[in-house]
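Undergrad: Chain by chain, the residues:
4 protein chains.
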Amino acid sequence: MIPDEDFITDENIPGPTKEEIRCMVICKSEVSPDDIVVDVGCGTGGLTVEFAKIAKKVYAIDRNPEALKLTEKNLKKHGVYEKVNLIEGDALQILDSELDKVSDTIPDFDILMIGGSSGDLTSIIKKGYKKLKNKGKVIVTSIMLETRVEAVKTLQTLDMIPEVVEISISKGRIVEKGTMMLARNPVTIVSAKKTLIY
Amino acid sequence: MIPDEDFITDENIPGPTKEEIRCMVICKSEVSPDDIVVDVGCGTGGLTVEFAKIAKKVYAIDRNPEALKLTEKNLKKHGVYEKVNLIEGDALQILDSELDKVSDTIPDFDILMIGGSSGDLTSIIKKGYKKLKNKGKVIVTSIMLETRVEAVKTLQTLDMIPEVVEISISKGRIVEKGTMMLARNPVTIVSAKKTLIY
Amino acid sequence: MIPDEDFITDENIPGPTKEEIRCMVICKSEVSPDDIVVDVGCGTGGLTVEFAKIAKKVYAIDRNPEALKLTEKNLKKHGVYEKVNLIEGDALQILDSELDKVSDTIPDFDILMIGGSSGDLTSIIKKGYKKLKNKGKVIVTSIMLETRVEAVKTLQTLDMIPEVVEISISKGRIVEKGTMMLARNPVTIVSAKKTLIY
Amino acid sequence: MIPDEDFITDENIPGPTKEEIRCMVICKSEVSPDDIVVDVGCGTGGLTVEFAKIAKKVYAIDRNPEALKLTEKNLKKHGVYEKVNLIEGDALQILDSELDKVSDTIPDFDILMIGGSSGDLTSIIKKGYKKLKNKGKVIVTSIMLETRVEAVKTLQTLDMIPEVVEISISKGRIVEKGTMMLARNPVTIVSAKKTLIY
Numbered sequence: 001m002i003p004d005e006d007f008i009t010d011e012n013i014p015g016p017t018k019e020e021i022r023c024m025v026i027c028k029s030e031v032s033p034d035d036i037v038v039d040v041g042c043g044t045g046g047l048t049v050e051f052a053k054i055a056k057k058v059y060a061i062d063r064n065p066e067a068l069k070l071t072e073k074n075l076k077k078h079g080v081y082e083k084v085n086l087i088e089g090d091a092l093q094i095l096d097s098e099l100d101k102v103s104d105t106i107p108d109f110d111i112l113m114i115g116g117s118s119g120d121l122t123s124i125i126k127k128g129y130k131k132l133k134n135k136g137k138v139i140v141t142s143i144m145l146e147t148r149v150e151a152v153k154t155l156q157t158l159d160m161i162p163e164v165v166e167i168s169i170s171k172g173r174i175v176e177k178g179t180m181m182l183a184r185n186p187v188t189i190v191s192a193k194k195t196l197i198y
Numbered sequence: 001m002i003p004d005e006d007f008i009t010d011e012n013i014p015g016p017t018k019e020e021i022r023c024m025v026i027c028k029s030e031v032s033p034d035d036i037v038v039d040v041g042c043g044t045g046g047l048t049v050e051f052a053k054i055a056k057k058v059y060a061i062d063r064n065p066e067a068l069k070l071t072e073k074n075l076k077k078h079g080v081y082e083k084v085n086l087i088e089g090d091a092l093q094i095l096d097s098e099l100d101k102v103s104d105t106i107p108d109f110d111i112l113m114i115g116g117s118s119g120d121l122t123s124i125i126k127k128g129y130k131k132l133k134n135k136g137k138v139i140v141t142s143i144m145l146e147t148r149v150e151a152v153k154t155l156q157t158l159d160m161i162p163e164v165v166e167i168s169i170s171k172g173r174i175v176e177k178g179t180m181m182l183a184r185n186p187v188t189i190v191s192a193k194k195t196l197i198y
Numbered sequence: 001m002i003p004d005e006d007f008i009t010d011e012n013i014p015g016p017t018k019e020e021i022r023c024m025v026i027c028k029s030e031v032s033p034d035d036i037v038v039d040v041g042c043g044t045g046g047l048t049v050e051f052a053k054i055a056k057k058v059y060a061i062d063r064n065p066e067a068l069k070l071t072e073k074n075l076k077k078h079g080v081y082e083k084v085n086l087i088e089g090d091a092l093q094i095l096d097s098e099l100d101k102v103s104d105t106i107p108d109f110d111i112l113m114i115g116g117s118s119g120d121l122t123s124i125i126k127k128g129y130k131k132l133k134n135k136g137k138v139i140v141t142s143i144m145l146e147t148r149v150e151a152v153k154t155l156q157t158l159d160m161i162p163e164v165v166e167i168s169i170s171k172g173r174i175v176e177k178g179t180m181m182l183a184r185n186p187v188t189i190v191s192a193k194k195t196l197i198y
Numbered sequence: 001m002i003p004d005e006d007f008i009t010d011e012n013i014p015g016p017t018k019e020e021i022r023c024m025v026i027c028k029s030e031v032s033p034d035d036i037v038v039d040v041g042c043g044t045g046g047l048t049v050e051f052a053k054i055a056k057k058v059y060a061i062d063r064n065p066e067a068l069k070l071t072e073k074n075l076k077k078h079g080v081y082e083k084v085n086l087i088e089g090d091a092l093q094i095l096d097s098e099l100d101k102v103s104d105t106i107p108d109f110d111i112l113m114i115g116g117s118s119g120d121l122t123s124i125i126k127k128g129y130k131k132l133k134n135k136g137k138v139i140v141t142s143i144m145l146e147t148r149v150e151a152v153k154t155l156q157t158l159d160m161i162p163e164v165v166e167i168s169i170s171k172g173r174i175v176e177k178g179t180m181m182l183a184r185n186p187v188t189i190v191s192a193k194k195t196l197i198y
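Chains as they are written, first to last, in my numbering: chain A, 1 to 198; chain B, 1 to 198; chain C, 1 to 198; chain D, 1 to 198.
Each hint can be trusted.
In silico SDA-like cross-links for lysine to any residue, where the CA-CA straight-line distance does not exceed 25 angstroms:
#	chain 1	residue 1	chain 2	residue 2
1	B	K76	C	E30
2	D	K57	D	K194
3	D	K18	A	L182
4	B	K18	B	D120
5	C	K53	B	D35
6	A	K57	D	E30
7	D	K177	C	S118
8	A	K83	D	C27
9	C	K177	D	I13
10	B	K18	C	K135
Under 7 angstroms between C-beta atoms, here's a sample of chain B residues computed to sit facing chain A:
#	residue
11	E146
12	S168
13	M181
Because the hints were derived from the structure by calculation, they are not lab data.
Think of the CB as a built atom: it goes at the ideal place given N, C-alpha and C, for glycine as much as any other residue.
Using the sequences and the accompanying hints, generate a full structural model.
TA: Structural data, given as structure tokens:
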């Protein structure tokens, strides 16, 4: 994984997702070189860059144009800009499969990564699910109590079996006296695989 | 427990020990109204105040005169100043039972609380052990990897059975969108009871 | 706190609440010798015993008669049986202030402790709130994602400000090679104080 | 990562390292297809399999012949047996670069993974360091307090800068009432890169 400090940051934009959490998300996503990824709420672009390093194509969505500019900078810095389409706007509208007027149409995809949902999590998962390929994965990361529960419930209504993993990381800061352990906020990753049975 | 924000603080002095950790230390100490407590490295005085609320007498030691002034302020604020002797200096010398020149002699005590030891942890425990009453408790709190191990090893050389508890706390910050969980640094409490067998 | 192993247990009945969690609940509850406590879902009676050691009176409720028998055993073992009323039944009905037919009427109380709610958490909090004295406390403990969120939301609808604390504990098992750290399941304590403004 | 339940296990042999920890170790190791990995204390072979899926060659060492048999089974099950040399014996002797009598000589390697060290951690790191290529990585995983400290100290004597990450994972078990969060033991990963300056 790319060290946290190798991302360009902006104090008004959340992220980057910490190294250890990016690592775990990439593992849980099972992303492969053939995959198309949709990254909702890309923020600083930490996960966008990691997905782009492996996937065929990433569609990064954010409502905040400043977040997209920052993601663009980080994609360029890490040499994966050409693999990513940056889309400004509301994920709910962008994912709407019936809105064929959307110029930047997103094809069916393998991974739906939701790091920020502006209160529309349930709808985004449901809309996204329609365009998610069979065996595709939905991944929701959050530090909010409510988001985890909403993700679990929504995935269950879609007959997906959510896996819930809460990750608490402490990192050592080595000082003269020894190794101080400093905590990072616990992140919960809710993930599920689409499994259609014929 | 007293809320964290009810302590007067100073950015150059560590503490106060967070509410939840003070709670756990008080539980593990089994402090009672008859007890005499020695608090080594009192810092802001968070634990000093909590012990003083219950114990008969607390001897608070710190090398840093500014820490003692801050502890004094917090003791006065919380109405328990008269129960505490503040001692500036090196815990190792102050605890030395053979140094009867020390004006502010500390009697045998029930609880040896070590929150800061300036690299002398082993010696402080060993010196303190001599003046610790039978059934008395040693408690060491730390966020350093090395301190835990040193405490465990030293207590074992004294034939004490250390209990090690690592406590990770996250607290909810309620914002418009929901409840963000924010981590506090993990603290490890090593404690042991002196049990002489005759 | 009473060590976990000093409670009589039954594999079919949850509990006792682990020592460190009992410690934190007692701290958060601010229980005092004048207090009346209602303990919903008492299970093994771990928290019931701890509250009874301090409070004036505890009303322990459980749907499961076997849980009440076990709680009774633990109360007797720890010498606090006479301070506790054991009530078999549905907390929702028992707390209903309008049901004056209930023989074992519960007076207004200072602490509403909810350790198990059988799916009725919202209703129990709302019913209980009516009989909770001003400055009284509601405390909900849980290892379930959904319960935390339900507790937070319900307390907010009652204009209470919930405090959310997630506690992860690891305890050292000392073996020949060193100190193995073994995790306990993380427990979340949601608590709030009733504050009427006149 | 391979799900935990896809490994063949034996109650007398530790492991497999849990999925999330394997994920984090693989990230921290930065293992690539050109790499040679030495896996000391392979146990069930969980990490051996993951390394073998990516690396060019893995040398898996264990004192316990039963552990090696189990690792062999898991390597075969996951189709990576041909990439691994299984070596029974004492890591300290096997890593000794001057013992050229050792038939199964290990070439200089890129990653030294130590999951079990039978009390020889310091010596294993020091011996291993000599055969570790420049920019190679040492990784030590442990649930023991003492091991972390020993790893940090030893790496520092070799002028390596240790990174210490403690990982606490809770996983959701979805039951009728909701999502119970169950803890796994916290694992600490100490890692460092060899950086020779000419």
